[in-house]
Amino acid sequence: MIVAKEIREPEDMRKESRIGRITSKRQLTIPKDFYEKLNLGKDVEIILEKDGLKVKRLEKIEESFDDYSDLVLKSVLEDGFTDKDEILNEFRARMNMIPFAVQKLLLEAREYAENDPRTSEELDKELFGED
Numbered sequence: 001m002i003v004a005k006e007i008r009e010p011e012d013m014r015k016e017s018r019i020g021r022i023t024s025k026r027q028l029t030i031p032k033d034f035y036e037k038l039n040l041g042k043d044v045e046i047i048l049e050k051d052g053l054k055v056k057r058l059e060k061i062e063e064s065f066d067d068y069s070d071l072v073l074k075s076v077l078e079d080g081f082t083d084k085d086e087i088l089n090e091f092r093a094r095m096n097m098i099p100f101a102v103q104k105l106l107l108e109a110r111e112y113a114e115n116d117p118r119t120s121e122e123l124d125k126e127l128f129g130e131d
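Residues 1 to 131 in the UniProt record's numbering are what the sequence shown spells out, letter by letter.
The set of hints was computed from the structure by calculation and includes no laboratory data.
Certain hints may be false.
With a Cα cut of at most 25 Å, we get these calculated DMTMM-like pairs of lysine to aspartate or glutamate [what the hints assert, rightly or not]:
(1) Lys15 x Asp33
(2) Lys37 x Asp51
(3) Lys54 x Glu108
(4) Lys54 x Asp43
(5) Lys74 x Asp85
(6) Lys54 x Asp33
(7) Lys37 x Glu49
(8) Lys32 x Glu16
(9) Lys104 x Asp79
(10) Lys15 x Glu49
(11) Lys74 x Glu86
(12) Lys56 x Asp43
(13) Lys50 x Glu90
(14) Lys42 x Asp67
(15) Lys84 x Glu111
(16) Lys54 x Glu16
(17) Lys104 x Asp67
(18) Lys56 x Asp67
(19) Lys104 x Glu90
(20) Lys74 x Glu90
(21) Lys104 x Asp70
(22) Lys104 x Asp85
Let's have the full structure, built from the sequences with the hints guiding it.
Given below as structure tokens:
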């Protein structure tokens, strides 16, 4: 006799849910225990999925090891800014735009991946030349 074994997630990996309320201003309160378990900050990433929303901790670009300041400064100088105050203001403005540009790239990559008809095996073969 063959018996299917039930596979269970570890206790701490089970999904929890709560009933929430959305205010007239479209604000949703995140339960305190969820907020603390996920170590959320002031900003979160909200992803629209087929059947709902997904809220994730926002990984700030400032917390990463990527530093684009040299590239941004080079771009500002190549664009012809010469006044020190103008250079500084433009540099700060462009540095502040980086998180939005990264977010846009992530959204575009997700959209592309969702619409890519290739299987993961086909993609692996194309990328790595493996069978």
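Check: So which of those numbered hints doesn't the model satisfy?
Finding: 13, 15 and 22
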